[in-house]
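There are 2 protein chains.
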Amino acid sequence: MGKLLDSIDSPKDLKVLSLEELNRLADEIRQLLISFCRRHGGHLGSNLATIEPIIALHYVFDMPHDHLIFDVSHQAYTHKILTGRRRFYTDPESQKDLSGFTSPKESPYDDFMLGHTGTSIGLACGMAAQRDATGGKANIIALIGDGSLSSGPAFEGLDWAAEQGGNLIIVVNDNEMSIAENHGGLYKSLAALRASGGRSSDNPFRALGLDYRYVEEGNRIEDLIKAFRQVKDTDHPVVVHIHTRKGLGLGQGSQGQIGSTSMAQSDGQTAHMTSLPDLPAEGPVEANHWQDGLDSLNRLPNSRKTYGRMAMQALEARFSQEPGLTVISPATPLSNGIDPDFRQRAGNHYRDVGIAESHAIAYAAGIAKAGGTPVVATSATFFQRAYDQIEQEMALNGSAVTLLVFSTGVAKTDATHSGTADMVMMRGIPGLTCLAPTSGAEFLDMLAWATGPARQPVVIRVPGERTLATERAGKPIAPVKSDSTTAGQPWDRYRILQQGRTVALLALGDALPLGRDLADSLKASLGLKPTLVDPHRYDRLDEQTLDALASTHSLVATLEDGQLDGGWGQAVAAYYGPSRVRTLAFGAAKEFKDRVPQAAMLERYGMTVPAMTRAISDALADQASWI
Amino acid sequence: MGKLLDSIDSPKDLKVLSLEELNRLADEIRQLLISFCRRHGGHLGSNLATIEPIIALHYVFDMPHDHLIFDVSHQAYTHKILTGRRRFYTDPESQKDLSGFTSPKESPYDDFMLGHTGTSIGLACGMAAQRDATGGKANIIALIGDGSLSSGPAFEGLDWAAEQGGNLIIVVNDNEMSIAENHGGLYKSLAALRASGGRSSDNPFRALGLDYRYVEEGNRIEDLIKAFRQVKDTDHPVVVHIHTRKGLGLGQGSQGQIGSTSMAQSDGQTAHMTSLPDLPAEGPVEANHWQDGLDSLNRLPNSRKTYGRMAMQALEARFSQEPGLTVISPATPLSNGIDPDFRQRAGNHYRDVGIAESHAIAYAAGIAKAGGTPVVATSATFFQRAYDQIEQEMALNGSAVTLLVFSTGVAKTDATHSGTADMVMMRGIPGLTCLAPTSGAEFLDMLAWATGPARQPVVIRVPGERTLATERAGKPIAPVKSDSTTAGQPWDRYRILQQGRTVALLALGDALPLGRDLADSLKASLGLKPTLVDPHRYDRLDEQTLDALASTHSLVATLEDGQLDGGWGQAVAAYYGPSRVRTLAFGAAKEFKDRVPQAAMLERYGMTVPAMTRAISDALADQASWI
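First to last, the protein sequences are chains A and B.
If you're matching positions, the first sequence starts at 1 in UniProt numbering and goes up one per residue.
If you're matching positions, the second sequence starts at 1 in UniProt numbering and goes up one per residue.
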């Protein structure tokens, strides 16, 4: 790429540049990010907004002696480019080795691997406390976007910072929007601060006891350098509120006037979108969130979007008759098929509460208590932030809240966004009915039950790619129409899909297609026709079916697309523990895994069809040897 | 008690009273609360502060048509007395049937059962949204104490309230202190608001877009009635900030000038204590928190306080040499043996971050990253609020944070404070070393390791009452000195306490004394000497020992003082699943349980020694019948 960028191998190479050169460097990085995201996709809007701030931070401060702690790290691309990781962005082949987040394994300039939001301030407080305890002098800087500020941990961190005192610099990167849009009274105050050049009296930072500076031109390097120099080596916590432009550099021609500063929240939905002009993908994505790359062209919608859209369509048909039917999304709606046009039509039947998962559940519990029907939709990994509210406000209070859990299972995700932990988490909590549908039709049946007659806490794990593939191939495994909805508490009983002998395969949710393949393999290789069972529920066992299986089967194998330890398969094993029935549990290991390809993980976990066939064959042989 | 109170069977009986009578009623309730807490203990300070506000709320509003939602509900005694539950407070025999929290099972005036903090505003937002969706007119009121305001969920709720709009009244009961003391910049702003009669410019509520009123005399009924009448039927969210007096009515003679308004935060530790003059118990308790009753006199400190004090003593000895050794308590320090005098001596080695569990973990991860040694101490149930930070900031980042988990196990707790969920939660998270010491000495060994050579995430389940009882009786079960600290990763191997045959008992943590009793019972009743094993670790299995047991034992029984489903015993069962070894897992059912006596629960769970002896005997007989 550009000549200047080629000379930047570490932040110290920045420090010899003139202002004019710094600006040229920003332009070069901007072009690089656009071409990178065009190819691979990425968090384009937020990164385009933070090129100049990050250049200025590295110019003024001395990382890694000083520490720059990113929040969710969707603003870290420029930081990575400036800290010796340029080649990941310039060399298409290297991209696959790059974490989408900050990562201490990648660089000494990264202190943490962070993929959720709101904790940068707390982490920075801790690092500052330890610096003060040991007489250090480093500047500790947290960089947090306006979208993250609505989260409870961010507030708790801000509140504590003022009490702790000492050097701490909190850079609030205010690009006027969260993922879809910002929500909450806080954003009115931020808007008022922007409108008044930082002088508005209702200042949420000062109200928490913090010193405060405002930089109107948050993409002008000289202004940023001046502001950062003023706070460098401060002896007390200070917020530097910088006003940046989302998607800066994506000029005219793209949707929604990206690059203009006129995009107030009142501009409506389309103003909050961005997409590269030549990248139709399947529609524009939210400016601050993921931009699909060229490699996504002509790709069919994934299971998240497909089943999410089905769910929204089914609910929307009822909106006019059910005033309290409410879809709640703590940000990231689009990824789960909650499209902008749906949101617009839904009116108050849809609520994006911003990045505030704890609140999303308490809010839903309140709606349910008053007779409404709330549905909370987000990724498996983000429900973790509401564990306590799921346990207390939802489950303990018996609140008729339905959770739709997206993005689950063994998949090539970032370590921060694992999809293998959700079933272990949910099934550990008393009082939740946890369902794992194995077809789109059953998913909608379960949703209808949960938001209709159930009036109790229900968790539905949205079907994944395997289920979608069987449906797209016209080969669904489970019956299209579930017949169990008539009972008072449906899905209590497992569904026998194939009656066999000796070996029973219990394959949960998106593992069912794998179970069918395994059944075929056992028939082919051992001449054994196993029983194939669709449990479609994972919070409790169908003891009646398990007892019946015990009389004609000597081995019961469980398959689940999630973590084994603490999971449903272990509960089945324990149930059979005192009996003569042997058990084998197939599932994911308890481990962190960062962008490991799915096939490699299934291999490692012994979850391939050949490996499972072998394991079952071995178990049967061992059993035969001593009976 | 007094004549007026005898005539109040529901809030409508209030509405005919004169102001003079309302004041007399307040006096009568005050005397009742003091005598009640003298007898039974209770959250005295916070309830004494809210007598007049709750009388005024019920006088002005029309509950249960209007809704009054308590936060943690440590301010609900007067509400209960006024809503038909007087006899629980006047009749000593009835007290045992009374929930310490609001409870819909007790009364239609209670919307939720709430025992954690900060969610009242979110719940109220939800009820208000449903009211508006259905054209209702009720006033929705959230009552939240200043101590709860530091929690993330409270902030998320405040932030959302402003955006939602419509009728919502948030009463902030500001008695100038949290449990031990308030922490965070927010409290400086509250102090400035109090000092300025609500006119200070740094107003955290206005900064979140909320309307705001201030009532200086928050214990003067006429002022409260006037303020509540002004906001009744408001068409937008409004905060009513009332300044109340903690412990009002506990006049001179008690420690710390309780009842005086002069208790600013600067008054030091003793000013923040209250105890009834004739109740020495084991020292004063924090004013806003639990006041021990007469029934606690001469009682020995419980296991929480005993082992907590031991831990603090061990850490304190190292403070002068280790600048980064930091004990972090998200409120409630005293319950865990973190005494005021320790806190004072510890200086910056002790940090009470207030009710902000998410922040506590992120903060600790920051300290660890910078080389310090943080120890976070709180109840099992409160760690739930930091699930995501434990998974992301602590475990995924490999942060050298130690968690001390207090108040665990099957016990007669409120449903909101269960001690049976923690092991399931912690062991489901990858990357945590989870230890269950079985003696005080081993607890200290583990703490020394975790805060010394380990430099990794460690969870220690503080020993409970059974362990303490064996130690007090001079009959510890496990060796006093652990010999496993020398290895690189200690406590990897189970400890064989008694070598036997046929049956192996694996008894985890505080279930070990139960395991020994069971071993004795098996010997006595079946003439069988079982092997007794102390696993003292529950995040992973010692497969080497399990394999060795398999050769000489046909039945392995696990005992754990926690929930079976998702627990360690199920992992043992799954490990033996494909083998000929049978398993039996003893532990708690997955259920909510509210103040059920421990003996009744152990009976229900089949965890008594006779029941377990029978179960093992039956399993052996069944096994013999078909081998």
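Careful: at least some of the hints might be erroneous.
No copy is singled out in the list; a pair is fine if it fits within one copy or between any two copies.
Listed below are the simulated DSBU-like cross-link pairs for lysine-lysine, each with C-alpha atoms no more than 30 Å apart in a straight line [said to hold, decoys possible]:
#1 Lys-12 / Lys-137
#2 Lys-188 / Lys-232
#3 Lys-305 / Lys-523
#4 Lys-593 / Lys-188
Hints are computed from structural coordinates only; laboratory data are not their basis.
Each hint tested on the structure:
For a Cα distance limit of 30 Å, the shortest separation of Lys-12 from Lys-137 inside one copy, 19 Å, qualifies, whereas the shortest one across copies, 63 Å, does not. Proximity of Lys-188 and Lys-232 under a CA criterion of 30 Å is satisfied in both settings, with 29 Å inside one chain copy and 25 Å between copies. When the C-alpha separation of Lys-305 and Lys-523 is checked against a cutoff of 30 Å, the pair qualifies neither within a copy, at 35 Å, nor between copies, at 61 Å. Taking the shortest Cα distances, Lys-593 and Lys-188 never come within 30 Å of each other, neither inside one copy (40 Å) nor across copies (43 Å).
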